[in-house]
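Just so you know, the sequences run in chain order E and L.
Position 339 (the first sequence) corresponds to 339 in full-length UniProt numbering; numbering is contiguous.
Position 253 (the second sequence) corresponds to 253 in full-length UniProt numbering; numbering is contiguous.
Everything labelled a hint here was simulated from the structure, so no lab data went into it.
Treat the hints with care, since some could be wrong.
If chains are identical, the list can't say which one is meant, so a pair holds when it fits in one copy or spans any two.
Calculated pairs, DSS-like style, for lysine-lysine (alpha carbon to alpha carbon, straight line, at most 30 Å) [stated by the list, open to error]:
| id | residue 1 | residue 2 |
| --- | --- | --- |
| 1 | K293 | K309 |
| 2 | K309 | K18 |
| 3 | K166 | K18 |
Spelled out from the first residue to the last, the chains are:
Number of protein chains: 2
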Amino acid sequence: MYQINQERLMRYIFDLAKVGEIEGGGCCRLALTDADKQGRDLVVQWMHDLHLDVEIDAIGNVFATRKGRLDLPPVMTGSHIDTVRTGGKYDGNLGVLAGLEVIATLNDHNIETDHPITVAFFTNEEGARFAPDMMGSLVFQGGLDLEDALNTVGIDGSTVKDNLNKIGYAGPRSVGNHPVHAFMELHVEQGPVLEQAQKTIGVVTGVQGIYWTEFTVTGVSNHAGTTPMHLRHDAGAASAAIIHFAQSLPERLGLGQLATTGMVQYSPNLINVIPNKVTFTVDLRNVDAAVLKQASELLFSYTNEIASKHGVEITHRNLADFQPVNFNQEIINLVESFADSHSFSHMHLPSGAGHDAQILAAMCPSGMIFVPSVKGLSHNVAEFTSAEDIAAGANILINSLVHLATA
Amino acid sequence: MYQINQERLMRYIFDLAKVGEIEGGGCCRLALTDADKQGRDLVVQWMHDLHLDVEIDAIGNVFATRKGRLDLPPVMTGSHIDTVRTGGKYDGNLGVLAGLEVIATLNDHNIETDHPITVAFFTNEEGARFAPDMMGSLVFQGGLDLEDALNTVGIDGSTVKDNLNKIGYAGPRSVGNHPVHAFMELHVEQGPVLEQAQKTIGVVTGVQGIYWTEFTVTGVSNHAGTTPMHLRHDAGAASAAIIHFAQSLPERLGLGQLATTGMVQYSPNLINVIPNKVTFTVDLRNVDAAVLKQASELLFSYTNEIASKHGVEITHRNLADFQPVNFNQEIINLVESFADSHSFSHMHLPSGAGHDAQILAAMCPSGMIFVPSVKGLSHNVAEFTSAEDIAAGANILINSLVHLATA
Chain E
1 MYQINQERLM RYIFDLAKVG EIEGGGCCRL ALTDADKQGR DLVVQWMHDL HLDVEIDAIG
61 NVFATRKGRL DLPPVMTGSH IDTVRTGGKY DGNLGVLAGL EVIATLNDHN IETDHPITVA
121 FFTNEEGARF APDMMGSLVF QGGLDLEDAL NTVGIDGSTV KDNLNKIGYA GPRSVGNHPV
181 HAFMELHVEQ GPVLEQAQKT IGVVTGVQGI YWTEFTVTGV SNHAGTTPMH LRHDAGAASA
241 AIIHFAQSLP ERLGLGQLAT TGMVQYSPNL INVIPNKVTF TVDLRNVDAA VLKQASELLF
301 SYTNEIASKH GVEITHRNLA DFQPVNFNQE IINLVESFAD SHSFSHMHLP SGAGHDAQIL
361 AAMCPSGMIF VPSVKGLSHN VAEFTSAEDI AAGANILINS LVHLATA
Chain L
1 MYQINQERLM RYIFDLAKVG EIEGGGCCRL ALTDADKQGR DLVVQWMHDL HLDVEIDAIG
61 NVFATRKGRL DLPPVMTGSH IDTVRTGGKY DGNLGVLAGL EVIATLNDHN IETDHPITVA
121 FFTNEEGARF APDMMGSLVF QGGLDLEDAL NTVGIDGSTV KDNLNKIGYA GPRSVGNHPV
181 HAFMELHVEQ GPVLEQAQKT IGVVTGVQGI YWTEFTVTGV SNHAGTTPMH LRHDAGAASA
241 AIIHFAQSLP ERLGLGQLAT TGMVQYSPNL INVIPNKVTF TVDLRNVDAA VLKQASELLF
301 SYTNEIASKH GVEITHRNLA DFQPVNFNQE IINLVESFAD SHSFSHMHLP SGAGHDAQIL
361 AAMCPSGMIF VPSVKGLSHN VAEFTSAEDI AAGANILINS LVHLATA
């Protein structure tokens, strides 16, 4: 079995983590910012150093291909290198850099494959600056129109298009009709399940469905001391009721249901003024599409109740709607069997987070490998996975890719 | 009976409202900003035009005195001219400018009084930039130490002292030992009670107690998709529960209890990241000191429950704590009897908002006159009171002041 170079892979990871470094050991490389550009430039340089054929498409996805013996669609691996504002070193980056390490190992040993192998990183996987997340892979796969993606306005008011042009990553490659033989993504779990079960490898069975809604509640600003409770139109009271209700959905629907409000904005945001406008998000996830649908329906029905109870107007817009995805059974089996061959402890689990692999799953056989996240921390500067676990995951990856690349 | 000049009073109001004018007809003159300085300069100019003796004290309160026949403590009237960020034309300003109009009318008719009459405006009544509110009158009355007030850090990180110096309103007059014979304040109701009862004059019996708390909830940031609900330390979920609970206090304790959360700040404030820190305020008010205490105790006890339920740390600091105040019975009777003499419809009511008069009540007989606020709107650019109602209030004021200024 092939064996990657753990030291070289960790060097890739730590070198990329220096770009956009923030206090506490984390990274801030929001999609298409100057920090993202610097990260991209570094990874593209490494791709060239590995003698790969680098192509950039119109949404800024980068594909670096190592030739195969035969003229066949590539086996692809990769992930993303953008981060949330308070991100860690591993989320996304590991999948891209493990891909480069696989190439470097194949180069070291002059190993040829039938299918070409492509290492990709996709634009704006996080969605922390532009919604929806997984934008680049969605456009690549055809699930999101290129023009719609380019015209997306971010949290700072500028568009994807402007930022792609600004950082020089609006590439010449078209976004459609690029067949992929199979796709695999190595990723940190970003949750506590593997660590708690003391397993090294997560055999990922699929990805939770994700449903993001932004609510805007409009009431009437008024003096906090002189307005009797029954005459108020308090956008804040209505919002707190809805956020609190959203938090109760997992108890009602079972622990597989997740609910998070991560973003809240009050206006005018003064102690003694009843808020006239509150904007907030609700992130709902479930592996079960029917229960996820039920969760959003319960939420909207409660929202209507609250709107009439508080005499406020509540509008909402959908920011993301991804159905649960099941990964390819052969790839699931492949990951499991290589984990056995390496004597790595392993378990099956679904992914709680969204990943580019779930988008690729709509166009080719796809799968994922998870390695443990210490304390389950992710989207956090303290995100950590041991070098040994990372190497374990990368060794499953190289063997799986070579297997898939064999005609 | 004396009669003020309605046109001149409305001109004062509209001219001052041009300073710091904002869209929709409102004003933004946060305490001790450049806009506040411009407003102060204009009012001080008017005070000089009325031949008043103008003094500024060390906290920036401004006192303009018309001599009395006798060497006695002054009868004082006034209010404030700072506003909230989205304030109206009348809140505070009316009380100061009606005082000037009273002086102008006395000057017109060469009316002498036994006691001097002082028109005052007090620094930072709103508390929208520096806590606590009613800061200037508190320092004047001795309820707040001058140095503590001067060292207060505002929402933009600068101190009261620096801003007083910057705008040139750190005056030479000392803040203690200035006896006042009586204090009266004309103010818009800022609530819907007079309008709904179709009364012109509110005979104000006292002021609600006010209890402001700022809570800071600290949890752990983590990925919204991969962190099982039972392993979260979600500062947002804990905050929403508390804000929602605070809203339930009026139902539990009776409608005299008010509860408002006007300010909320999430961190890192991203859709798919569990918030690690949320700061929010709770404004509790009641005319009944015992019930107000019970409300805050229920809130703190629930907060402890939520802290342990969600595994988060919750700290709080008190931003304001004013006991309910009863106004002087003779002044209450005076307002009522002049309302009768003028055939103005009237009713007794407590004030829902805090006012400088409640602070002065601790040092001299004090009282207030309310005029109706259309739709109860205040702390809102659409705040409105008709010129006729304003004149009615000012006519009660001039007759009450002359009565009180008679030895």
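Of the hints given before, which are not true for this structure? Going through the list in order, the structure violates hint 2 alone and respects the others.
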